[in-house]
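Q: UniProt numbering puts the sequence shown at residues 1 to 274.
Simulated from the structure, these hints should not be mistaken for laboratory data.
One or more of the hints may lead you astray.
Dumping the calculated EDC-like pairs for lysine to aspartate or glutamate here, alpha-carbon to alpha-carbon at most 16 angstroms [unchecked claim]:
1. Lys206 to Asp123
2. Lys46 to Asp144
3. Lys2 to Asp80
Treat the numbers as computed from the prediction; the structure is a model and nothing was measured.
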Amino acid sequence: MKIDYHTHHARCGHAIGSLEEYVQQGIRLGLDQLGLSDHMPLLHVKPADYYPEMAMPMEELPRYVEECLELKERYKDQIDIRVGLEGDYIEGWEREIEDMITAYPWDYVIGSVHFLGEWDVTDFRQVHHWEGKNVLEVYRTYYDAVSKAAATGLYDIMGHLDVIKRFGHHPKPEEEEELRELERSALSAVARSGRAMELNASGLSKPCAEMFPSRRMLEAALSLGIPLTVGSDAHDPAKLSEHLEKARALLYEVGYRELAVFQHRERALVPLTL
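Modelling step: build the complete structure from the supplied sequences, incorporating the hints.
A: This is the structure in structure tokens:
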């Protein structure tokens, strides 16, 4: 089964293409399932005072869901559309996040850590925040947030688990063992939560030049029994399913034989095919 569970469109402000263009591209590519999963609106910062084009405005959220559901019905004979959301984890804002999630009929919600406080560690405009930082300490803070996000039970899929490496910042070689322990601790939190996680192929096009998460983390995830799904994290319809053949091949090499899919927030497993 060919699936792509991580996509973004123009409504979020930093992507291009309409939802319908994604659907039409998914049909052209022969996808069996297409997950629409745009960013949730910002909660902990005021959009007017923050970096522009970060996420869809709050007033657009119901329109996004309505359009997803309309497209799901219109194209049901050509492609299976799953309606999703990429939901940030912000410590201290769990109630507000839960209210947003429970207000709509999602098929799945991706739980992603982008923010450490008001710093979006995935935003190229904010890489200056690394200046003067102890890299290992940033990694500690990041993986602590990932563990807390998994423990909330708010999400169905944990997103791009080691995205903190995106811009190529790594702890020192002598700190490698602690880094591995941070990774293991976060993966153990995901396993305890019973959640799935994604192999996000977009890292191959980023400065880190490696998928999220690394092969090392995928092997550990398999040993912990964590189900995996795949996503391109496309921000342009032309990028839909980019690198996903490599992602599926990597999962197969690691030992995975099934992919997680979701409907009405219920998980099922389908065969992993190359």
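Q: Compare the structure with the hints numbered earlier in the document and write down the numbers of the violated ones, lowest to highest.
A: Hint 2 is the one this structure does not satisfy, whereas the remaining hints hold.
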